[in-house]
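Engineer: The end of the sequence shown is residue 532 by the numbering used here, with every number in the run present.
The reader is advised that the hints may include incorrect statements.
Stated by the list, open to error - Per label pair, the in silico range of CB-to-CB distance: (1) K308 - N354: 25 to 35 Å; (2) K526 - D313: 33 to 43 Å; (3) D459 - I530: 48 to 58 Å; (4) V520 - D332: 17 to 27 Å; (5) D392 - D351: 21 to 31 Å; (6) D332 - D465: 46 to 56 Å; (7) E439 - P396: 39 to 49 Å; (8) K526 - K461: 48 to 58 Å; (9) K328 - D473: 38 to 48 Å.
What the hints assert, rightly or not - No farther apart than 27 Å at their CA atoms in a straight line, the calculated lysine-lysine pairs in the BS3-like style are these: (10) K328 - K524; (11) K464 - K433; (12) K528 - K308.
By construction, these hints were calculated from the structure, which means they are not laboratory data. For each residue, glycine too, the CB sits at the ideal point set by N, CA and C.
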Amino acid sequence: MKKNIKLSIVLIFSFVLIFGCGNSENNKTQDKKDTLEKKELVVDTVVPNSDYVMIETEFGNMKVKLYDETPKHKANFLKLANKGFFDGLLFHRVIKDFMIQGGDPDSKNAAPNVMLGNGGPGYQIDAEFNDSLFHKKGVIAAAREGDQVNPLRKSSGSQFYIVQGKKYTDKQLDYMEEQSSLNDYILKHPEIKEQFAELQRAEDVDGLNKLIVDIKKKKDFTINKIPDFKRKAYKEIGGTPFLDNAYTVFGEVVEGMDVIDKIASVKTGQADRPVEDVKMKIKVIED
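All chains should be built: construct the whole structure from the sequences, respecting the hints.
Structural biologist: Structure follows, in structure tokens:
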């Protein structure tokens, strides 16, 4: 199944995916691989004792610290890196001001214009959400299938993305808080969700706007506030706040942040694949 960050963020006024890294053509491939990555992670008994890996590219190297707070993802990434799993793979999907994605084993020696993003090691990893770990610029997080086929939000066994994102103003973050809260409320109330869907199908903008106003007036509607420490980071460092608590963040770049910007700026073609291959090699930095 497609592993191109199936980001199931829904725009309140359009109810569409805003950045599922797959596209309509890619989504058609999902039924063809409906058994891929359904197994659970079985971590090798011997895992390198390290907190760091080095991601080497032609644009420079990125030193990544893996978080102890996400032990399953950390152990898995170290295991794969130690085996050389990532060596020669591509950053197969790059979106400026968003993220750079890689880890698909099918990308190794892939021919030009081949659609990538379906591959993996054959298992998923349980989500390890932690409110202190969020999508500031430079974090590494696990791609996954969308919520419709993956309600527990389990991670791909190998595909990951590194956040570039952008800086936000307080006004933008306030708006994002409201939209996120409206989205959560609609999803938790099936009758409202169906009403919203019907209005959307009818392209009834006035009806949609009235429904949103009515929701805001409900006594049980509350705004999901972005904590101050996250707000500060998104204003000063940047990132992708709309991904928080939806994808497991399991590490961050501590050296080589400029490499993210360089890769994110490359020319891309179909499905956001770089026109010129951007290969990676990942090695464990032994303690």
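Engineer: Hint by hint, say whether it matches the structure.
Structural biologist: Against the structure, the hints come out as follows:
In this structure, K308 and N354 meet the distance hint of 25 to 35 Å, their C-beta atoms being roughly 27 Å apart. For K526 paired with D313, a C-beta distance near 25 Å fails the hint of 33 to 43 Å. Evaluation of the 48 to 58 Å hint for D459 and I530 yields a pass: the beta carbon distance comes to about 55 Å. The supplied range of 17 to 27 Å is met by V520 and D332, whose beta-carbon atoms lie about 22 Å from each other.
Take D392 and D351: their Cβ atoms lie about 24 Å apart, and the range 21 to 31 Å holds. Checked against the hint of 46 to 56 Å, the C-beta distance between D332 and D465 comes to roughly 52 Å, which is consistent with it. Evaluation of the 39 to 49 Å hint for E439 and P396 yields a failure: the beta carbon distance comes to about 18 Å. At about 51 Å, the CB distance of K526 to K461 agrees with the hint of 48 to 58 Å.
Taken as a hint, the range 38 to 48 Å holds for the pair K328 and D473, whose Cβ atoms sit roughly 41 Å apart. About 17 Å separates the Cα atoms of K328 and K524, which keeps this hinted pair within 27 Å; it holds. A distance of roughly 15 Å separates the Cα atoms of K464 and K433; the hinted pair therefore holds under the 27 Å criterion. Simply put, K528 and K308 have alpha-carbon atoms about 10 Å apart, close enough for the 27 Å limit, and the pair holds.
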